[in-house]
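Engineer: Numbering of the sequence shown is given in the working numbering, commencing with residue 12 and proceeding in unit increments.
Any given hint might turn out to be false.
If you anchor each label on the Cβ, the simulated ranges turn out as follows [stated by the list, open to error]:
id, residue 1, residue 2, range
1, Ile165, Ser56, 18 to 28 Å
2, Arg107, Thr262, 22 to 32 Å
3, Thr314, Ile265, 20 to 30 Å
4, Asn62, Ala310, 44 to 54 Å
5, Gln294, Arg72, 29 to 39 Å
6, Gln294, Gly85, 39 to 49 Å
7, Ala79, Asp299, 41 to 51 Å
8, Asp299, Asp218, 45 to 55 Å
Cross-link-like lysine-lysine pairs, in silico, DSSO-like; alpha carbons within 27 Å at most [said to hold, decoys possible]:
id, residue 1, residue 2
9, Lys223, Lys270
10, Lys270, Lys309
11, Lys36, Lys223
12, Lys270, Lys308
The hints are simulated quantities; they were obtained by calculation from the structure and are not laboratory data.
Please read all numbers here as calculations on a predicted model, not as lab measurements.
Cβ coordinates follow ideal geometry from the N, Cα and C atoms, glycine included.
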Amino acid sequence: MNLDYSTDTVERSQRFDYWSDVVRKHFIPAASRVPDREHFNAHFSVRSLGNLTLAEMSSPRHYWERDAQHLRSGPNEDFMLSLMVSGHGVLSQSGREVVQRNGDIVLYDAARPFTFDLLPESNLLVRIPRLQLLCRFPEAQNLTAMHLADGHPIARLLGSMIREAAVLELSGREGMQASLASSLLDMLSAVLQFQVGGTDAVQFSHDALFQKTRDYIAAHLDDCELDVEQIAAAQHVSARTLARVFAEHGTTPIQWLWKQRLEASHRALREGRVRQVTQAAFQHGFSDLSHFCRVFKKAYGVTPQTLLRRH
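Produce the complete structure using the sequences and hints provided.
Structural biologist: See the structure below:
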């Protein structure tokens, strides 16, 4: 698959919407906006490379945001690798923010919220199926939104591979495409390994997993069937591993889940964002109203009905 898209032939008023739809179709469902629709003009080319998808983007400044609603309505667990050939961007994910300039390589995760403010004169993007990367480097999700091997020759080597893969003519040569994709992933794995080489990788991994799991729970409070197995599976770890990580913070995944449900329902009632107690309970994962009322009063000293009446 080799496809080229340009807004040159699209009516000016429709250019940004057309281009945004193309990018969302081939990469990640997300919200996009631009400061100047009137003068927007962009190019996007996309090709298959084995099990990877490689694209080149050129456009004026624009902004992408993937939030909890997108995670539900358009689930996608792929990783995105971005090489800024020319231009700059600001990527935010998992509490980190990185400024990407010429030659910088950053990783981001479609399974978690992010924002990306971009002015890409030329930006190369690689979409990577999640398990293809995790089987090589299981902690990859902990290294998003940071410069990968910044300034080190191994990062330049990875960048050269991405550039070459973007221009090689491999149509009809599936075996070579697969070999090149595998080599690129092996090189990326080496870069990620270098990235954690100077840190306490185990603690880094645990802290990142704790934060990622907290984000996942916060995005799924309304799922009354959410349990520790589902939470662990979403993080690609075992329930036992997740229990050990939460134990380091003096709690368990399920205790944390119910605590967040209770706090979220309390905020909804306190701020007057719900009109009924049942709404506060069911919107935050409680399926038993009497149980909700008991634990609420035990935690806050008042019944949810009392708090509701204050608004």
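Engineer: Could you run down the list of hints and mark each one as holding or not?
Structural biologist: Each hint tested on the structure:
At about 27 Å, the beta-carbon gap between Ile165 and Ser56 stays in the expected band of 18 to 28 Å. At about 24 Å, the CB distance of Arg107 to Thr262 agrees with the hint of 22 to 32 Å. As the Cβ distance of Thr314 to Ile265 is approximately 24 Å, the hint placing it in 20 to 30 Å holds. For Asn62 and Ala310, the Cβ-Cβ distance of about 48 Å falls inside the hinted range of 44 to 54 Å, so the restraint holds.
At about 37 Å, the CB distance of Gln294 to Arg72 agrees with the hint of 29 to 39 Å. Range check, Gln294 to Gly85: about 22 Å between beta-carbon atoms, so the 39 to 49 Å window is missed. A hinted range of 41 to 51 Å is violated for the C-beta pair Ala79 and Asp299, which are about 25 Å apart. Checked against the hint of 45 to 55 Å, the C-beta distance between Asp299 and Asp218 comes to roughly 34 Å, which is inconsistent with it.
For the suggested pair Lys223 and Lys270, the alpha carbons sit about 17 Å apart, so the restraint of at most 27 Å is met. A C-alpha spacing of about 12 Å is found between Lys270 and Lys309, which places the hinted pair at or below 27 Å, so the restraint holds. Under the criterion of a C-alpha separation no larger than 27 Å, the hint pairing Lys36 with Lys223 is consistent with the structure, at around 26 Å. At roughly 14 Å between alpha-carbon atoms, Lys270 and Lys308 fall within 27 Å of each other, so this suggested pair holds.
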